[in-house]
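There are 2 protein chains.
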Amino acid sequence: MARMKPRNALYAQSGGVTAVINASACGVIETARRHKNKIAKVLAGRDGIIGALTEDLIDTSRESASAIRALRHTPGGAFGSARYKLKGLEEGRAQYERLIEVFQAHDIGYFFYNGGGDSQDTAYKVSQIGQKLGYPVVCIGIPKTVDNDLPITDNCPGFGSVAKYIATSIREAGFDVASMARTSTKVFVLEAMGRHAGWIAASGGLAADGPGDAPHIILFPEITFDEQAFLTRVDATVKRHGYCAIVVSEGLKNQDGKFVAEAGTRDAFGHAQLGGVAPVIAELVKQRLSYKYHWAVADYLQRSARHIASKTDVEQAYAVGKAAVQFALNGHNAVMPTIVRISSKPYKWKIGMAKLADVANVEKKMPRDYITADGFGITRKCRTYLEPLIKGEDFPPFRNGLPQYVKLKNVAVKKKLRTRFRP
Amino acid sequence: MARMKPRNALYAQSGGVTAVINASACGVIETARRHKNKIAKVLAGRDGIIGALTEDLIDTSRESASAIRALRHTPGGAFGSARYKLKGLEEGRAQYERLIEVFQAHDIGYFFYNGGGDSQDTAYKVSQIGQKLGYPVVCIGIPKTVDNDLPITDNCPGFGSVAKYIATSIREAGFDVASMARTSTKVFVLEAMGRHAGWIAASGGLAADGPGDAPHIILFPEITFDEQAFLTRVDATVKRHGYCAIVVSEGLKNQDGKFVAEAGTRDAFGHAQLGGVAPVIAELVKQRLSYKYHWAVADYLQRSARHIASKTDVEQAYAVGKAAVQFALNGHNAVMPTIVRISSKPYKWKIGMAKLADVANVEKKMPRDYITADGFGITRKCRTYLEPLIKGEDFPPFRNGLPQYVKLKNVAVKKKLRTRFRP
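Those sequence lines, one after another, are chains A and B.
Those letters in the first sequence? Residues 877 to 1299, by this note's numbering.
Those letters in the second sequence? Residues 877 to 1299, by this note's numbering.
Don't take every hint at face value.
Copies of the same chain look alike in the list, so a pair counts if it works inside one copy or between any two.
No farther apart than 27 Å at their CA atoms in a straight line, the calculated lysine-lysine pairs in the DSSO-like style are these [as the list claims (entries may be wrong)]: (1) K1292 / K1267; (2) K1224 / K914; (3) K1267 / K1187; (4) K1162 / K1240; (5) K1162 / K1134; (6) K1168 / K1283; (7) K963 / K1187; (8) K1231 / K1162; (9) K881 / K961; (10) K1231 / K1290; (11) K1267 / K912; (12) K1283 / K1240; (13) K1290 / K1226; (14) K1162 / K914; (15) K963 / K1168; (16) K1008 / K1221; (17) K1291 / K1231; (18) K961 / K1226; (19) K961 / K1231; (20) K1187 / K1241; (21) K1115 / K1285; (22) K1290 / K1241.
Note that these hints are calculated values from the structure, not bench results.
These numbers were taken from a predicted model, which means no experiment stands behind them.
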């Protein structure tokens, strides 16, 4: 049997980046480098799929082993990521044909797409169109999303670290507010990401070890905001514990189904409130209960906080990158590595495999029984699910007091096509 | 010579708490415990000076050695702190007399007051009034403030850790935004504390190791906000680097001397904007330059982030607590331990001593030559000053993925006075 000539792989990052998406990149590249008989080079799309469409590819073989190793502890997207969704197969036919054209020009035999639900859908479509156009390419999805909303996989790489950040932050702020409450701030509101699902806000609940611990209230996108019930709870909490610490999801909605962050106030020019549900909630407390408040919006800080990443999360992010390459080399196609929970206590997990067709465009919501009956907290069941995901520390190296992150050279591959493409 | 009967000490925390004020408490209590022949018990004011006025004292001798040791890595104020400023000696005579009355009742021979400028002033006044009322008490101030604005001392415990947090956060968010800028957020604004001095905002500048690194712009309270110069710089930065990361001090003022956070927008009810200068700056960028933005307000997260505390800061916080007790035992009075910089490279420091009379009510501003001529960055001189203060990591112990902080029992001392006092 003739030995196959090794072909190139294309790796691309997609959507919002995380503290550990580069750990997946590290898993892909390190594993591919150990199989040079099958994978010649790993090329990367500059700014994700846009680089693939515009033939702006990065030659990762120009990076040293130590630079690639450092990706494991570097937040953000080392090759650039993009919020760019390919259209449907018919409508977006030109896009898919262009991708295949670029793949062909650079002898891409493997496509690794690292992202959320949309990206898994894209990877699936690319696998289909490749077949149709007579240029079959092995397409493997790699899960990534802080929102933790992919189906089949027990959890998503990226989520555990933001969960650890939010739980740590509300615990620390809780200690701060508790000690000042007598003469200063009585109500503290921390806004967490998660426009459609409350997983991140829920993780704040891990900070409470015992009764009275912060956070006292969690506001989920899954539970319609009941202003009166909320205010009653805040008041009771302040009266009982001296202060009240709240985690609110940016996706909190009112009874009209509108985002509370947008429904509220307008600025002097009549523009909708500058954003942030935390200030709206805080101001509501002030107006109705007259308690002094403070609020924080962590925004990107929470998803880039590699310094407080979960070791479990880093390991899983690396593992799905590694498994993606192994799947490809073992002849699989149109699949995605998943994380399978074997047991919670002690936590044991392994890598599984899902078909991209089953993953694409399915959103995993928080089960109702993960939220307490009153809608303001997490249940024991939720805690059992979340706890292992934030376990373990994996501090990056520090220099001069700051975490040391790698910036790759990101050397461009010479273009081979004469055609241009406007994405 | 007759041996003196050991007397009690009173320790109180004052003003906004920090990630390391409890490390100072730890230094006081551990040192006092090694001198039981001179200091019988360390009592603590519950909620700071308010506990002293209301005779609500905590018996720290009821805490185990390991609980006291854990204060070194616990944020917030373990005994409660208060924003409560005593009046002048004449106007507030009743307050001071009450303090002395409580001191007398509990045989307090030493008063350790852990706070900022106001607190050093109070400690000084207590030392004066004690003399006058015939109840001399040894009063030692212990410096603490994230604002870094105390005079004489080279820097203030509490500042180094918030500086490390802000520099780490803007570096991490910078990696995030850089990787997404092509299709998503181009301008990111992080708001830092510091209503009167730009020390904290300045520390964000440490994140930039080389040209093009985040943050690209720092907005200081010391520099009047020049909207046009700012917008020009933002635009140039986005055009050159693809994105722009900004650190803005909450104390930024416009040409009328008003806080930009307050001068801007009003909500639907006509109330002043809910707070936060970051959203105001971000919205300005959006309106004038049409760049997509995100913003973060770290608020209490920055001053309670013990998980990313500076080792230098923790050591200095402990050292000033320890030195305060040693000063008292060596017969000093009305003084405060200071941090004296011996050299910057390598960083060497020692404990010095300042008179409370010289510290009280003097504010240390950022020198103009710490800020670049254009007003948007820090100079090499500033960097040389700041760098050592964030050096070293001192991670707290973690359990189940979260930092483990101690909650003391805080057992009340039995009241001895029949009189009550409303502070």
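We went through each hint and held it up to the structure:
{"no.": "1", "hint": "K1292 / K1267", "verdict": "neither (46 Å within a copy, 48 Å between copies)"}
{"no.": "2", "hint": "K1224 / K914", "verdict": "neither (32 Å within a copy, 55 Å between copies)"}
{"no.": "3", "hint": "K1267 / K1187", "verdict": "both (6 Å within a copy, 24 Å between copies)"}
{"no.": "4", "hint": "K1162 / K1240", "verdict": "neither (35 Å within a copy, 33 Å between copies)"}
{"no.": "5", "hint": "K1162 / K1134", "verdict": "both (22 Å within a copy, 23 Å between copies)"}
{"no.": "6", "hint": "K1168 / K1283", "verdict": "between (43 Å within a copy, 24 Å between copies)"}
{"no.": "7", "hint": "K963 / K1187", "verdict": "neither (36 Å within a copy, 51 Å between copies)"}
{"no.": "8", "hint": "K1231 / K1162", "verdict": "neither (50 Å within a copy, 42 Å between copies)"}
{"no.": "9", "hint": "K881 / K961", "verdict": "neither (33 Å within a copy, 78 Å between copies)"}
{"no.": "10", "hint": "K1231 / K1290", "verdict": "neither (34 Å within a copy, 69 Å between copies)"}
{"no.": "11", "hint": "K1267 / K912", "verdict": "neither (35 Å within a copy, 42 Å between copies)"}
{"no.": "12", "hint": "K1283 / K1240", "verdict": "neither (34 Å within a copy, 37 Å between copies)"}
{"no.": "13", "hint": "K1290 / K1226", "verdict": "neither (39 Å within a copy, 58 Å between copies)"}
{"no.": "14", "hint": "K1162 / K914", "verdict": "neither (63 Å within a copy, 48 Å between copies)"}
{"no.": "15", "hint": "K963 / K1168", "verdict": "between (49 Å within a copy, 23 Å between copies)"}
{"no.": "16", "hint": "K1008 / K1221", "verdict": "neither (47 Å within a copy, 65 Å between copies)"}
{"no.": "17", "hint": "K1291 / K1231", "verdict": "neither (33 Å within a copy, 70 Å between copies)"}
{"no.": "18", "hint": "K961 / K1226", "verdict": "neither (30 Å within a copy, 58 Å between copies)"}
{"no.": "19", "hint": "K961 / K1231", "verdict": "within (20 Å within a copy, 65 Å between copies)"}
{"no.": "20", "hint": "K1187 / K1241", "verdict": "within (24 Å within a copy, 41 Å between copies)"}
{"no.": "21", "hint": "K1115 / K1285", "verdict": "between (57 Å within a copy, 20 Å between copies)"}
{"no.": "22", "hint": "K1290 / K1241", "verdict": "neither (44 Å within a copy, 53 Å between copies)"}
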